[in-house]
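Protein chains in written order, with this note's numbering: chain A, 1 to 218; chain B, 219 to 425.
Everything labelled a hint here was simulated from the structure, so no lab data went into it.
Just so you know, not all the hints are guaranteed correct.
Beta-carbon label-pair distances, calculated as ranges [unchecked claim]:
| no. | chain 1 | residue 1 | chain 2 | residue 2 | range |
| --- | --- | --- | --- | --- | --- |
| 1 | A | Gly36 | B | Gly393 | 16 to 26 Å |
| 2 | B | Leu400 | A | Arg124 | 21 to 31 Å |
| 3 | A | Thr71 | B | Asn292 | 53 to 63 Å |
| 4 | A | Ala145 | B | Thr315 | 24 to 34 Å |
| 5 | A | Pro144 | B | His293 | 46 to 56 Å |
| 6 | A | Glu135 | B | Tyr303 | 48 to 58 Å |
| 7 | B | Arg370 | A | Asp181 | 20 to 30 Å |
| 8 | A | Pro101 | B | Tyr310 | 31 to 41 Å |
| 9 | A | Asp181 | B | Ser396 | 31 to 41 Å |
| 10 | A | Asp37 | B | Thr325 | 21 to 31 Å |
| 11 | A | Glu135 | B | Gln353 | 43 to 53 Å |
Note that the Cβ used here is the ideal one computed from N, Cα and C, for glycine as well.
What follows is the residue order along each chain.
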Amino acid sequence: MRSISIRLLVQTTVFTAALLAAHGSDGASRAPAAGGDVQAKIEYCMDCHGHQGQGYHGFLTMPRLAGQTSTYLENQLRAFLEGRRDRNLFINMARVHGLSPAMRAAVAARFQGLNPPVLGGGPRNLAAAGAKIYEEGVPEANVPACSACHGPAATGQGEIPRLAGQLSSYTVRTLSTWNRDRGAAAEGENPAAVMAPIAHNLTPNQIAAIAAYLSNLR
Amino acid sequence: MTNARAQIMKFVKLASIILAISVFAGGQLRAGELLPARNCTWCHGTSGQGYMTAPRLAGQRYEYLEKQLLDFGNHTRDNPFSVQYMWDAVAYLSPQTARDLAFYFSTLPPKAAGDGNWDLAPIGQAIYAEGIPEQNVVACAVCHGPDAEGVRDIPRLGGLSYTYLKRRLDQWGEGFHSAAQLPMPFIAGKLSPSDIEALASHLSFVR
């Protein structure tokens, strides 16, 4: 009898502590009512993009989101919603993402804060050639240095995405299909328009080299 | 009463497996057939189309087949039938033979089992193509491909039997095979029993 009541007391204490801890960590950054929804949605994102946002090689390549700038992530989610991204994909990403505008910021902030090891995957023997293009561009093909905008360590800033650690097959596909998948302009200025001539002027070998370099970059 | 019926069913299953072995196991090797493959086809069917609890191997991705053989060997694939049948079956398999067998079965033309509930197939198709975003269930198609054809070590699902697909989805959700570090336990755990019936039905008809 006595042991049962002690056990009950311990269980109640542990449960209450867990409840308080969960509430404390949630309540600081967002409305308590939406807390559980956002956490479930983030886990849903992670079912495809990796449980630390490290990316995943499925039939499609799910890009690495960890460490990505939150502005870029929010812009992309909006671009999917407005039909400006990957319109020729066999799947409607806006429908699949299923994010309410209120959730976007919280989801983007969470992924920006993650920093798991990179998956790598790009052939290392191409990385040196990729680094050269990244830092110097390809002057004869009118390709500027990637580092000029994306930063010397490819960490990006604001609406300019982080590229370091991105899965190589994702970078290859993005640069190879730029006009088809990202060419649709938003209302007003499209910050991504600057990439169209660059992607167009790169050869497949150069794209593979850049992607290999970035995939191994921490 | 139920116990007696279960015993009878068990006997019937065992008898049909023995019958299958005695009917199919003999005969000369056909062109391209591997001798060690006979050990597989006793249960998985002479043309690898699957038989009762043994899933279809024909047309499966060879990297997937090879990886499963390795996972049986290192006991990471730990669902009941794997433990019961496959752990011992692969215990003395060399890596090279595993690769040869995987390649052999991947080249056989698959047939769709078609044993699901046709009326549920449209619901399953929608889940396959788009997931259930409101329930945070991801779309199967992003990893398994638009036609459920699989890629690399991600398995082809189209045309596998309803019973096998349902059992695997149930077991993912129950935590089996979780040591493989795959997303499936998280995903399958969010599917309701009726979602699983619909998905398995749809996939059983995919050619």
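Here is what the structure says about each hint:
{"no.": "1", "hint": "A:Gly36 - B:Gly393: 16 to 26 Å", "verdict": "holds, 23 Å"}
{"no.": "2", "hint": "B:Leu400 - A:Arg124: 21 to 31 Å", "verdict": "holds, 26 Å"}
{"no.": "3", "hint": "A:Thr71 - B:Asn292: 53 to 63 Å", "verdict": "violated, 44 Å"}
{"no.": "4", "hint": "A:Ala145 - B:Thr315: 24 to 34 Å", "verdict": "violated, 52 Å"}
{"no.": "5", "hint": "A:Pro144 - B:His293: 46 to 56 Å", "verdict": "holds, 54 Å"}
{"no.": "6", "hint": "A:Glu135 - B:Tyr303: 48 to 58 Å", "verdict": "holds, 56 Å"}
{"no.": "7", "hint": "B:Arg370 - A:Asp181: 20 to 30 Å", "verdict": "holds, 22 Å"}
{"no.": "8", "hint": "A:Pro101 - B:Tyr310: 31 to 41 Å", "verdict": "violated, 59 Å"}
{"no.": "9", "hint": "A:Asp181 - B:Ser396: 31 to 41 Å", "verdict": "holds, 35 Å"}
{"no.": "10", "hint": "A:Asp37 - B:Thr325: 21 to 31 Å", "verdict": "violated, 47 Å"}
{"no.": "11", "hint": "A:Glu135 - B:Gln353: 43 to 53 Å", "verdict": "holds, 46 Å"}
Hints 3, 4, 8 and 10 from the list above are not met by this structure, while the remaining hints are.
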